[in-house]
Amino acid sequence: MFYREAGQFKGSYAADQAIFTIPQDRVAMIVLLVAAFAGVPFILNDYWTQAILLPFLIWSMAALGLNILTGYCGQVSLGTGGFMAVGAYAAFKLMTAFPELNFIAVVLLAGLVTAGVGMFFGLPSLRIKGFYLAVATLAAQFFLVWLFNKVPWFYNNSATGQISVPPSYLWGLQVTGPETKPWAAYLFCLAFVCVFALAAKNIVRGRIGRMWMAIRDMDIAAELIGVRPLVAKLSAFAVSSFYIGMAGALYFAVWLGAAEPTEAFGINISFLVLFMVIIGGLGSILGSFLGAGFLVLLPILLKNGLVDGVGLLPVTAKHVEIATMGVLIIFFLIVEPHGLNRLWQIAKEKLRLWPFPY
Amino acid sequence: MKLGKFCLGLGVVALAAGTITGGASAYELTYPSLVYRTGPYAPNGIPFANGVMDYFTLINERDGGIEGAKVNVVECETAYNTQQGVECYEKTKNEGESGALVYQPLSTGITYQLIPKVTADGIPLFTMGYGRTSAADGTIFPWVFNFPATYWDQASVFVKYIGEKEGGMDKLKGKKIALVYHNSAYGKEPIRTLQKLAEKHGYDLLELPVDHPGQEQKATWLQIRRERPDWVLMWGWGVMNQVAIKEAASIGYPMDHFIGVWWSGSENDVMPAGAQADGYLSGTFHAAGDQFPAHQDIYKYVYDKDMGAGERDRVGEVLYNRGLIAAAWTAEAMRKAMEIKGSVEIKAADVRKGLEQLEMSPERMKELGLEGLTVPIEISCADHEGPGTVAIQQWNAKDKKWSLVTDFMTPDQEVVNALIKEDAEAYAKENNITPVDCPMDFEEAKKASTEYSSQGAKVAE
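If you're matching them up, the sequences are chains A and B in order.
Counting from 360, one number per residue, gives the positions in the first sequence under my numbering.
Counting from 59, one number per residue, gives the positions in the second sequence under my numbering.
Be careful, since some hints might not be right.
[Unchecked claim] The calculated lysine to any residue pairs, modelled on SDA-like cross-linking and capped at a C-alpha distance of 25 Å, are:
no., chain 1, residue 1, chain 2, residue 2
1, A, K509, B, R283
2, B, K234, A, N508
3, A, K509, B, G260
4, B, K151, A, W542
Calculated from the structure, these hints are not laboratory results.
Model the full structure from these sequences, guided by the hints.
Set out below in C-alpha cells:
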C-alpha cells in the first residue's frame, strides 16, 4: 500500500536506468545519506566512532571489494587479509616516505598498489577454478603476511615489526593519529565508502559487471559469446583488490593507528570478510553492507546488551556471544541461503502487497 | 510479545539495581580491567585477572576502599585481540564519576595500540613488565609506566645467567642460543637486545618465530633438534607455552637449558608436560605461593564470603600473585595520588602523578602484608621502569613448586639503556614529541632507582 510500483511510470531512459527506480527508495536513501553526513557527526563520541561506525564502514568497504570478485565474478578468494595488509603497508610506506602527500592520494595509491598485487595473484585464476583457486589465494594470504613480517624495509626497521601511523592533515583537519576528532575520521571514511559504493554499483550494472557475471554463471558460454576470460577475471581481481587495499589503508591508518601483520591481517580476517559477503548476499552491493553490519555490529550489540543490560559477567557474555553468533549464522543460512540481501528483497515484495496480500 | 515483555522486565530490574548501587554518596574509583578469559590466551589471562579482582575486593571489604573511596573494578573482555581491546578502552574510559583511572591491558599488542590514545586522552597506562620497552624513558612517554623491569632487561639477565653457568661471559663465544618467540610485537621485543649482546659476547643467535596462537610448533622444535643450540630462550604466551614445553620434552631437550620469559613461567605452562618439565627455568620478579599475610586476608575477607573471582586452591599461583602485585602497586599509586592532591576525588591525571612518585619500601610492603613478595621500587619522572632487576626461578615437578635459583640480577645497563634511549628518541622524532623536563635524566634516574631497590632485594622463598 505504502510501498508500490503500480502507477509509477518511467518516462525516459534515464528514469529507467536510475539506481533507485522507486521514489520511496530514493527518498529513503537521500534521508539516510543526509542523516549520515549532516546529523551523525554532531552526536558522535569516541566510542561510537572507534567501536561501531569506523569498523562498520571499513569492513563494508572490504566486503564490497570481495563481493566484486566472489559475488559478481565467481572467483573465490581467501586472500583478503593479505590484500588488506598490502593496502595498509603501502599507505604506511607512502606516508612515511612522502609526509607531504595528501592523505586522499595515499589511500587511492594504496588501493592501486593492491590492485597490482591482486592482479598478480589473480593470474592462477585463468587456469584453476573453485576450491583450487581458493587454495591459490590462500597462498597469497600466507605469503604476504610472512613477507611483511620478514622484510624490515616494510616496517621501517622498527624494533617490534609494528607499524604505527604518523599524523596527517586534510585542509588543516587531522584525519589520522590519536588526536583526530572522531567526526573527522568518520566523515573521511564515510565519504570514501559512499563514493566507492556508488562507483561499484555503476560498474556492476554496466558492461564490465555483465562481463563478470557472464564468467561467473558459465565461463565457457561467456567465452563463446565473446567475453575474454583474461580481461574479465583480471579486471575483477584488480577492482576487487583496489577496494580491499583502500579498506586496508583506512583500517590501519584511520581506525587502528597501529598494526602488526600476524594479528591484524591474519587468515581470520579473510574468513571474516568472506562470511560477510556470504551472509550479506553474494552479488549485491547492499548485501556487503548488511553482511558487515551483521558480523561487526551484532557481537558488540550482544556484548553490550548482555553485560550492561542483563548484567552477565563479561566472560559469560563472551561465551554466549560466540555461541549466539554461530547459531545466528546457521539460522540465516538455512532460512535464506542467498543472504540478508535476499531477505530484504522478499520483505520489499511483501510490503508491496501489504496490507492486502492475496 | 511475551519475550519482549520479559526483556523489558529484565531491563527494568537491571536499571533498578543500577540506581541502588549507584546511590551511595562516596566517591568511587573506576579501575577498568581489560581481561581475557576466553581464547587461546585464557589459561594465562584468567589467573592474572583473578589476582587483580581479588586484591581490589580485599581492599573494599577489609579497608572500605582506598582511604575510604571504594574501587569499582569494571571488567571488559578483550580475548587478547587488539580491536576488542580498543573497543574496551573506548567503552570504559569515561565510566563512573572518576573516569578510568589507569589501564593495564596485559597485552603488548593492545599496549602499542593504546600508547598514543592514552597520551591524547591523558590516562596513565601501567604495563607491568610488558609492552613497549622504550616507554621506560619517562621524558618521552610521560603517560606510560612499565616497572619493575622490561623485556630487554630480561634478555640481558638471561644472557648473564647463561654466561655464569658456562663459567664466564668469555665462554659465550661460539655458543648457540635459540630464541623461540611469539611472532608478534611482544615476541620480537627482545631480538634487538639479544643481537646487540651477541655482537658483544660472540654467541650465535637463532631466531625461531611461532605464529599465533602457537599450537603448531613441530617444525620449530625439529629445527632445534637439528641445530642443537646450547640454550633455548622463549618469549611465549598462552597456549604456546605449554606446547613448547611439551615439544621440548618430546625431543629430550634439557629443561635446565631452557629459559622462558616471565610470561612463560607459571603453573599452567609446565603442568601439561608433567614430570618431564622438571628443571624448566623462567624469569620472574616476585615469589610464588600463598604464604603471605595478604593471601590469608584474601581467604578471610574474600573467599570465605564467597566473593572470590576464581577458585580458592589456585590463590598463590605465579600469575595470580602477579595480578595481585599489579593491583597492589596500582592501589598504592592511587593512594599516593590522593596524598598529593589532598582529596580522595582523584582523576586519571592525578594517578599519573601517583605512579610517578610511587615508592614501595620494604616497610610499606610489610604493612600491606606482602613483605618479601617482590623487590622495593621507586619510580621517578624520568625513569618509569624502576630497577630492572630480574631473578630466575626453576620448576620442581615433583613438589609442583616454583623456587628462585638466583638472586635478583642487574642487566647489562650499558647496552640496555643505550637501546632504550635510541628507540625512545626515534619515537619522539617520528611523533614530534618534545621531551618532558625532569629533575634527573634517564640514566641518572635509573641508577638511583637500581640503588634504591638493592636495599631490600631479598624475596621470600
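Comparing the hints with the structure gives:
1. A:K509 <-> B:R283: 23 Å, holds
2. B:K234 <-> A:N508: 24 Å, holds
3. A:K509 <-> B:G260: The hint holds at about 24 Å.
4. B:K151 <-> A:W542: Judged against 25 Å, a Cα distance of about 18 Å means the pair holds.
When the structure is compared with the earlier hints, no violation turns up for any of them.
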